[in-house]
Structure formats: structure tokens, C-alpha cells
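Work the whole structure out from these sequences, hints included.
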Amino acid sequence: MRLKTRHRAGIVCAAVGLVFTGFSLRLIHLQVNKHEEYSKIAAAKHSIRQPIFARRGLIQDRNGEILAANVPVRRVVLDGSHVNNATELARVAAPYLEMDAAELAKQFVTEKRFVVISRELPEEKSLQLRKELVAKSLKGLSFPEATTRLYPNGEMLSHVIGFLGRKDLADDNLLGVEGIERSFEEHLRGQDGFRHIERDRTGREIVVYRGQEQSPRNGATVELTIDMGLQAIVEAELDAACAEVRPATAVAVLANPWTGEILAMASRPNFDPNNLKNTSPEMMKNRVIMDVVEPGSTFKIVVSSAALTERVVNHKTQIFCENGRFFYAGRTLRDHRGYGQMSVHDILVKSSNIGCAKMALMLGEDKYYEYVRGFGFGERSGIALPGESAGILQPPHRWDKLTITRMPMGHSIAVTPLQMTMAMGAIANGGKLMRPQIVRSVRDVDGNEIVTMNPEVVRQVVPEDTARFVSAALAAVTGPGGTAKLANVPGFETAGKTGTAQKVDPNGGYTPGKYVVSFLGYLPAENPAFVCLVMIDDAKLSSGLNYGGLVAAPIFARIGEKAARYMNLVPSLKAEAALPLAFHQGGNLGQEVRP
Amino acid sequence: MKTDIEYRRHSNPLHIAPLFRWLIIAAMMGASGLIFVYVKNQQHQLGVKTREVERQIVEEKALNEVLLARISSLSSRAELMRKLQQGFIVLRPIQDNAIARLTPPSQGGSEGLARTAATESFVR
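Same order as they appear, the protein sequences are chains A and B.
Heads up: the first sequence runs through residues 1 to 595, numbered per my numbering.
Heads up: the second sequence runs through residues 1 to 124, numbered per my numbering.
Hints should not be assumed to be uniformly reliable.
[Said to hold, decoys possible] Under the rule of at most 30 Å between Cα atoms (straight-line distance), these lysine-lysine pairs were calculated in the BS3-like manner:
hint: 1; chain 1: B; residue 1: 49; chain 2: A; residue 2: 45
hint: 2; chain 1: B; residue 1: 61; chain 2: A; residue 2: 131
hint: 3; chain 1: A; residue 1: 34; chain 2: A; residue 2: 45
[To be verified] A few chain B residues that face chain A, going by a derived Cβ cut-off under 8 Å, partial list only:
hint: 4; residue: 44
hint: 5; residue: 47
hint: 6; residue: 65
hint: 7; residue: 76
hint: 8; residue: 81
Read the hints as simulated data drawn from the structure, not as lab findings.
Just so you know, even glycine gets a beta-carbon here, dropped at the ideal spot from N, CA and C.
If you want it as C-alpha cells, here you go:
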């Protein structure tokens, strides 16, 4: 009997022991063998790597004026599994989200755990909405932080600053798409931080279990060389000109010839980066660096500088200008007027096509081409903006017989307005081609400069005495008998060159009655503070009025006068009583005006 | 004569000392557990407060940035020009002889910079 009892007890104990051994084995299996697998599942449910977004860097002008800032907003995200009253939630949220309550209620009835309802709810609105949701115990919406970009100046300088966009609609990260926003994306973006957190059943963070954390590195501030005071002057004058002559496009650039710094840059048409809905790609083009045009007579500075440097001519050389008709390679090249013997100085002042063609012939194709390249044509200038064009310059072996006579007057070549400006800058500063600078420095959040842009001389294109000689001729262009009297700025000796080129037809040849007119100059001629290009494409004027000296030169003069005042330049000449003429005063403009 | 075994069989004496020791140990363990739970709760409460303070800081920072953006917008050149055009502000010409200059006007390009009266006072 006793043995039987003991036997039974032994069996029960063994059974219990076996059961617990089974439990233990299972526990070991779960804790050891399946540890990784279940840890991952648990972590996926409760642990997340919460991003801490870096603030995008600011863009400022050279005086610290903010050109691109950040505005905090909130995304509105729905977790369908937490919604406790979809109808009421929709009714409360609809006015804040500016959406229809009924439609919103339909969206709220879902099992999906992550539905983006709105990407940019203003911070104040989100605060009010959150308070109301808490007060009414409504659940299901969360409001992750986000930022949007604000461009306080709207359309002003929009082509240079650029704008942000998303890689695709589902992507929340904004990237620079155009302008400085794109070219300095790496510096502006910064680096997001993160924090490992655990959440409870309701999705709230359990702060006690906070894990590893890395602070974000905010984006750097990019300081431009642009001076918004000068930019405002340029933009206002360009707007006035566009209203007056309704061109297809218009550009203006203001640069410091000594450093290559771009002080102002504007293109028309333009766009508002704060509102891209009604913006076409054509409006977004920065025409100063993207458009290529035949420059016309402004290009004559290249051949005259080259001929003087190579000593094929000197200041005394007289060139016979064929009385206005030069028959070469089966075609006749004409001047605006018939000229006989002329010096290089007079050829520039009178803008003789024949004189320039003859100088190029004296130089020879290869030598002339060398100088054209030397002035920076046919290659990108290297400005820190995306989408720059190199222009179109064919090597001499692809030239026809006429090219050598057409290129000196700015045909058979296509250049960007920026290339032209920098080439003129080389004449203004004594022969040095400067690399154009649009960014002055990049500073981190502590104000330390991490990138400093120093003026960079690309090359000495022509000697200083040649540049001085050409400069003297260009100063006479705005004087009596020159082609650009209207470019004269009272109180300052102004140097420059007009350009009038027939517009190239995309289908070949030229478009009759359509012109690209320009004025490219600098002041004060003796010690230039800035070089400025004004280029107007297809002004709605009669052909008899559509000349660089008539259309672009007065705009240059008005920009020059205001810029000189803004820059505190001391007048070197006794100012004439006359102020720069406006368009409506164009009726009494001299008959001397030429291309 | 009763042996020890018989004595134990018929009596159940309390051994106070070991019992007290075990009671103390149990009480300490219980108290430790309770303290642990209390501290854990306190930690949790502190976490909740931390989160709340963080949320407030984030909100304040965000509102600050909103206001800064609004200030930049309202003081931007485009906005000033709009105000000028609409007559909210006016520019009054000042004759050169009415300006007292502490420093001579700078020549543009003398140091490679475009300088204005405003930038002269701008210290970074």
C-alpha cells in the first residue's frame, strides 16, 4: 500500500517535473533561439528611431538681409486604428484644414495607420486644433513637425535663389531644385538627428526608455554677393522697361569688375518661388546664365583688344573702312554709315563692322579664336549656379569663309549675358578675366566660415595698357558722336558699348524685325565701381527705334545713376543739368545713335 | 524522563530570532519592491513632465520662428517697396550739405565692396 502511494506520488512528481521541464525548454527556446526574431518584432511595435529634423540654412545677401527663411508647419497624419469618433473628428478638424467635413469623415474611416491628411498646417492653427482635440477627447490625428521655405522678397532675385521641391509626391523631404537652393543643397540641408524611443500601447513615448540620441546639425547660412539695394534698383528699372517696351525677355546684371562679385542679377519673365502653381518652366529660367544670344556690337571689344595686344594695329593705325561696303567672300558687309580711314579708337566709337572685320582678318582665324576663348567665351564661367550654358563657339576648322568677318561684330557666336559681362569686366579692371562669384561665404550655425569665396583671376587676357586704350574708346562711345549718348550718367565718365543683333530664328537664319538690343558698360570709367549689362530681347518697337543705344542705354543710365548714388560714389565730372532720359523722351534722341 | 524528541512532538515553540530575521528580510524586500515601483512611477511622471516641457519648448521655438519669418517678410525689401508705392512710408530727399558725415563717403571698389550708410553701421 505504502509502495503504491509512493509510486503514485512519484508518477505525479515526474509528470509535474516533465511539464515544467517542457515549460523551461520552451522558455529557453523563446529566450535564446528566438531572441533576435521576437526582439525585432517587439522593437518594431514599440521602439522607433524618431528623426530630429535639421533646420535648413538661411540665404542672405551681403548685408545680412534674409532672402530665404524657414517657417515651421505641422503635417497632419491620421492613424485610423486610434480614431474613436470619425464624424466628430472630421467636424472639428475640417475648418482648420480648410476641407469639407463630410469628405474628411470618409477619409477618417480607415484601418490604415499612416495617412497624410495635410502637409503644411500653419503652426498657430495646429496649436488650436490640438487643444480642441484634447478638450473633446478626440483621437487619431498626430502632428509631426515640418518646415516650409519662405522667400520674403517674392519675385525679387527668384532666379538666383531658386526654390525647393520634392523628389516625388510621397517624399516629405524638400530638396533644392533651382538656383542657390540647389547648388548649395549640401550646405543648406544640414544633417537630421535621431532619437531611439519606445512607445506605450497608446503611442505615447515612454521617456524612461529613451535610447541613443544624436542632435541634428542645422544647415549653414549662405551669404550671397548680391546687394539687395542694388538688386531692387535693377529690378525696378527692368520692370519699368518691360512695361514700356514689352520685350519677350529682358536681363540685367551688375558686377564688381575687380572681384567678379555679382551685385545684382535679374531676368524677365520671372516667378514667385512662394507660389509655383502658375509658373511655367520658361519663367524659371535664369536667362543671365542659361540663354545664349548673338551679342552684336558689344563683342567688338574682343577683336580690338586682340588686335592691339598682338600689335597688328596700334593707336595710330588707320584702317580703311571701305566707305561702308566691304565685299568679302562673295558677300557684302555693311556699316551703318560710310566711313573712310579710321583709327581703332574711332572704329569702336562709331561701331564700324568693317573696321572690326578687317582687324580680325589681320589677326587670322586661329589667333582671333584664341582671344575669343581667352575672354571666356565657349566655356562655362564657373558661377555657383546650376544650369549654366557654355555658349556656342565653333573652332576655326568649322568656320566658313564669312565667320572671320561676322564674329568680330557679334554674329556667328552665341554667348550668355554673364560671359559678356565678365568680358567687359576684364576691360574695366585692366585686362583680368575674373571668375564670377555669387556666393561670398558659407557659415555654420556658430558663425564660423566653412567656405570662403575669394576673388579669382581666371587669366590676364590682355595687358593693362590695351585694356586702358579700349576703355578710353568705350568712354567716348557715351560721349558726343558716340553710339550711346543716352547711357551717360551725369557726374560720371561712363564707358560702354551698345549691341543690336537680329534675333536668331530657331529654324535657321534670322527673324526679320526682331532684335536683341543691349548696352554693356561701366562707371566711373577711370576707376570702375561696377559693370552693368542690360539686354532686351524683342522689344515691341518699330525697327527704326529698336537699337541698343536707344532702348538699353537709357535703362543702363538710370540703373547707373541710382547705383552710383546708392554706392556713395563721388561724382568726378561736373554733372550736366540733364538727367538720364526716360523712354517717353526718346523722340529727341540723336540721329547719331547706331547699333 | 521526556526526551528532546518527545518534547518537540508535544510543543511548538516560536524561535523569535530567526523569525524576526526572516520578517525583516521579507519587509525589506517588500519595501525595496515598493520603493522600486515608487521610483519607477516617479521616473515615469518625470518623463511625462520632461515630454511636456519639451513639447512646450518646441512650440515656443516654432512660434518664435514663425514670428521671425513674419518679421523677415514684413521688413523685406519687396514689402518696403510696396509700402513706399502705396504711400505708407515716404522717402524724403536730403541735400548733401545737410548730411553730417563722420567718415568720408567711400569709393565703390576701393575695397571691393559696395558700401552704404546702412552697411557701415551693420556689425556682425
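Enumerated hints in conflict with the structure, sorted upward: Of the numbered hints given earlier, the structure breaks none, since each of them holds.
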